[in-house]
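Novice: Numbering follows the working numbering, with no gaps: position 276 of the sequence shown is 276.
Quick caveat, the hints were computed from the structure, so don't treat them as lab data.
One or more hints might be untrue.
[What the hints assert, rightly or not] Listed below are the simulated BS3-like cross-link pairs for lysine-lysine, each with C-alpha atoms no more than 30 Å apart in a straight line:
1) Lys114 x Lys55
2) Lys114 x Lys161
3) Lys90 x Lys114
[As the list claims (entries may be wrong)] What follows is a set of in silico ranges between Cβ atoms, one per label pair, in the way DEER data are often shown:
4) Leu523 x Val89: 34 to 44 Å
5) Pro427 x Gly570: 17 to 27 Å
6) Gly226 x Thr139: 47 to 57 Å
7) Asp42 x Ala138: 40 to 50 Å
Glycine included, every Cβ here is placed at the ideal spot set by N, Cα and C.
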Amino acid sequence: AETGVGAGLLERLAVNGLDELRALAASGGYDARPGALGAAIDSSTAAVGNSNPGKGLRAPLRLGSPVLLAAMDESGTVERAAIGDELLVKDQGAPFGVRTDPDAARDAVTRSLKRSCGLTVVTEGDLVRADQEAFLTATPRSDALRASLLAADALMGEVRKMLDEEDLLVIVSPTSRLSLPQAHLGVAIAVGPEFSPGSSLQSASTRRATLVTLPDVAPTVLEHLGVRRPSFMTGRPFFAVEAGSNRVQNAVELDRESVFVDAAGVGIVRGFLAYSLAFYLVVADSAYRAVHGHRMLGPARVLELLALSVVAFPLATYLAGTFQGHLLGFVGFLSAVVAIDLALVIAALVCARDALARMLILNAATLTVVMADLFTGSRLQMNTILGYSPIVAGRFAGIGNLSFAVLAAAALITGSLIVHRAPRSAPALGATAALFAAVVVADGAPPFGSDVGGTIALVPGLGFAVIALAGRRVGPRLLVGLAVGGLVVLAAFLVFDLSRPPEERTHLARLFETVDARGLAALTETLQRKLMSNLRLLTSSVWVLPVLPGLAAAAGLLALPRATWDRVRGRCPAPFAGVVAGALVAVLGFALNDSGIAIPSAMLFFFVPMALALRHMCDERLSD
Numbered sequence: 001a002e003t004g005v006g007a008g009l010l011e012r013l014a015v016n017g018l019d020e021l022r023a024l025a026a027s028g029g030y031d032a033r034p035g036a037l038g039a040a041i042d043s044s045t046a047a048v049g050n051s052n053p054g055k056g057l058r059a060p061l062r063l064g065s066p067v068l069l070a071a072m073d074e075s076g077t078v079e080r081a082a083i084g085d086e087l088l089v090k091d092q093g094a095p096f097g098v099r100t101d102p103d104a105a106r107d108a109v110t111r112s113l114k115r116s117c118g119l120t121v122v123t124e125g126d127l128v129r130a131d132q133e134a135f136l137t138a139t140p141r142s143d144a145l146r147a148s149l150l151a152a153d154a155l156m157g158e159v160r161k162m163l164d165e166e167d168l169l170v171i172v173s174p175t176s177r178l179s180l181p182q183a184h185l186g187v188a189i190a191v192g193p194e195f196s197p198g199s200s201l202q203s204a205s206t207r208r209a210t211l212v213t214l215p216d217v218a219p220t221v222l223e224h225l226g227v228r229r230p231s232f233m234t235g236r237p238f239f240a241v242e243a244g245s246n247r248v249q250n251a252v253e254l255d256r257e258s259v260f261v262d263a264a265g266v267g268i269v270r271g272f273l274a275y276s277l278a279f280y281l282v283v284a285d286s287a288y289r290a291v292h293g294h295r296m297l298g299p300a301r302v303l304e305l306l307a308l309s310v311v312a313f314p315l316a317t318y319l320a321g322t323f324q325g326h327l328l329g330f331v332g333f334l335s336a337v338v339a340i341d342l343a344l345v346i347a348a349l350v351c352a353r354d355a356l357a358r359m360l361i362l363n364a365a366t367l368t369v370v371m372a373d374l375f376t377g378s379r380l381q382m383n384t385i386l387g388y389s390p391i392v393a394g395r396f397a398g399i400g401n402l403s404f405a406v407l408a409a410a411a412l413i414t415g416s417l418i419v420h421r422a423p424r425s426a427p428a429l430g431a432t433a434a435l436f437a438a439v440v441v442a443d444g445a446p447p448f449g450s451d452v453g454g455t456i457a458l459v460p461g462l463g464f465a466v467i468a469l470a471g472r473r474v475g476p477r478l479l480v481g482l483a484v485g486g487l488v489v490l491a492a493f494l495v496f497d498l499s500r501p502p503e504e505r506t507h508l509a510r511l512f513e514t515v516d517a518r519g520l521a522a523l524t525e526t527l528q529r530k531l532m533s534n535l536r537l538l539t540s541s542v543w544v545l546p547v548l549p550g551l552a553a554a555a556g557l558l559a560l561p562r563a564t565w566d567r568v569r570g571r572c573p574a575p576f577a578g579v580v581a582g583a584l585v586a587v588l589g590f591a592l593n594d595s596g597i598a599i600p601s602a603m604l605f606f607f608v609p610m611a612l613a614l615r616h617m618c619d620e621r622l623s624d
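Input sequences plus hints: build the corresponding full structure.
Specialist: So, in structure tokens, the structure goes:
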């Protein structure tokens, strides 16, 4: 896929298929521009390394050599490249019968660095061949992998010796899914004047020590060279932070835990969704049969136990996050989640006499844990079942979308039940309003949850709840005012975020900076990307499956038989207001978060059991 002038080392080469590459980048929706790093650097760039599977062969990539792609400018050109067969020697014991000649590779790098060059991209090549061979043969060779790692390490050592104290060496090793059953975290190392030995890396993209992202690499190089980062680059530069002891071991443990939770979480979530789906179907069937004169819901205590176990599940997953799951294994970790869930249910049964009081206990406990975690660094968001994963790399700090749903539902139910237990009490209403304000800060403030969509959804929803709990009717004008209030709160968070140092700013400030530089097109692209993500999830996500049964169950509990709706609203006005506010937040959360349908699906974990408790309470009063 490359053309060049001559066959010697350090020749000018161009990448073919550039239009295809640009189309591929555009389809991602992030305004990625192939060759942006090379184009931003004033001086020439160089590429050294041959990862082809043999002499005279090209890499099995439609778009050509990875090292050329990394070093090229926007025209697809690399001024000085050494990627030819002269870098390879025959070795029958190596993958594809060839390996990189260490002397030739070292000489090529030396030639590149002797000339004025802003960027030299180097790959040893043997690791790529080992990975490709393992994929093609389905039999990874540990000896080939070890030899390739040692060869890469030796070449990087030679490169480091060639650099002076003003140079920056960045080593990045993304993991490939070709020969591995699961994705792993890659390795990133920076050596240079900005990075003191013994420190760890961080970036504003992650806001979490020891973690950086691939989009951060180009801004890191540009910052070192004193070149202004183009506005369309989404990454932010690496910076050094103080590291604790056992850096390498901690990195290994983080990778193991990330891989474990990423894999185990899929099975656990699917199992729980199936469990909740079955619960919804049973409840819906009982509620609809009650229309025909059957006694409502039969064994009420059994259904309540099931309901409490559903409500307790999110909290159980967060508490299980305090364990090292990969040390327990899947069975052990799942057993821990189930045991914690069961313990929470038993605690609620022991501590409270009625269904609504038990709901208050579990929801208040969930709310307390999530908020305390957000105010203290979001430790229980990282690598937890309903949190986020550094392997997925959608978020690294603050609150995840599913946790937003948990926080919103738990807050609304807790607040409404506080008012329910002290009706017409100004202190209870004031305490609930203060609680809701703290929830907005925990979810949306840049130092804590930094949730943009969540803020816009929570302020109207929680505001609606406070007004309804006060006994006032919420009309269209008031709803518009609440929506504007959400934007005002978001604007306040933005002003605060922009006042902070660049390395501490969240994606809210970064979005503003991008819009300021590129215009409204950047905002339009972001909204379009979220919309497309939501639409895809409607047809591809397992979170869709419980939604209709859950809605049917809630509707049956609160609206059937006739007059039930008015009876529930009349006898339990505060919890009823909380349920209605929950529906508003669920709709807004669905529209404003790129997790889409997962938001209302997760909120149903709380509101279907809440509806069940309300129905039981009203039916018991009716029978009395």
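Novice: Evaluate each hint against the coordinates.
Specialist: Each hint tested on the structure:
For the proposed pair lysine 114 and lysine 55, the alpha carbon gap of about 27 Å is at most 30 Å, so the pair holds. Between lysine 114 and lysine 161 the CA atoms are separated by roughly 13 Å; this keeps the pair inside 30 Å, and the hint holds. Taking the CA atoms of lysine 90 and lysine 114, the gap is near 29 Å; set against the 30 Å cutoff, the hint holds. The given range of 34 to 44 Å is broken by leucine 523 and valine 89, whose C-beta atoms sit roughly 53 Å from each other.
At about 24 Å, the CB distance of proline 427 to glycine 570 agrees with the hint of 17 to 27 Å. A hinted range of 47 to 57 Å holds for the C-beta pair glycine 226 and threonine 139, which are about 48 Å apart. Judged by the Cβ atoms, the range 40 to 50 Å given for aspartate 42 and alanine 138 holds: they are separated by roughly 46 Å.
When the structure is compared with the earlier hints, a violation turns up for hint 4 alone.
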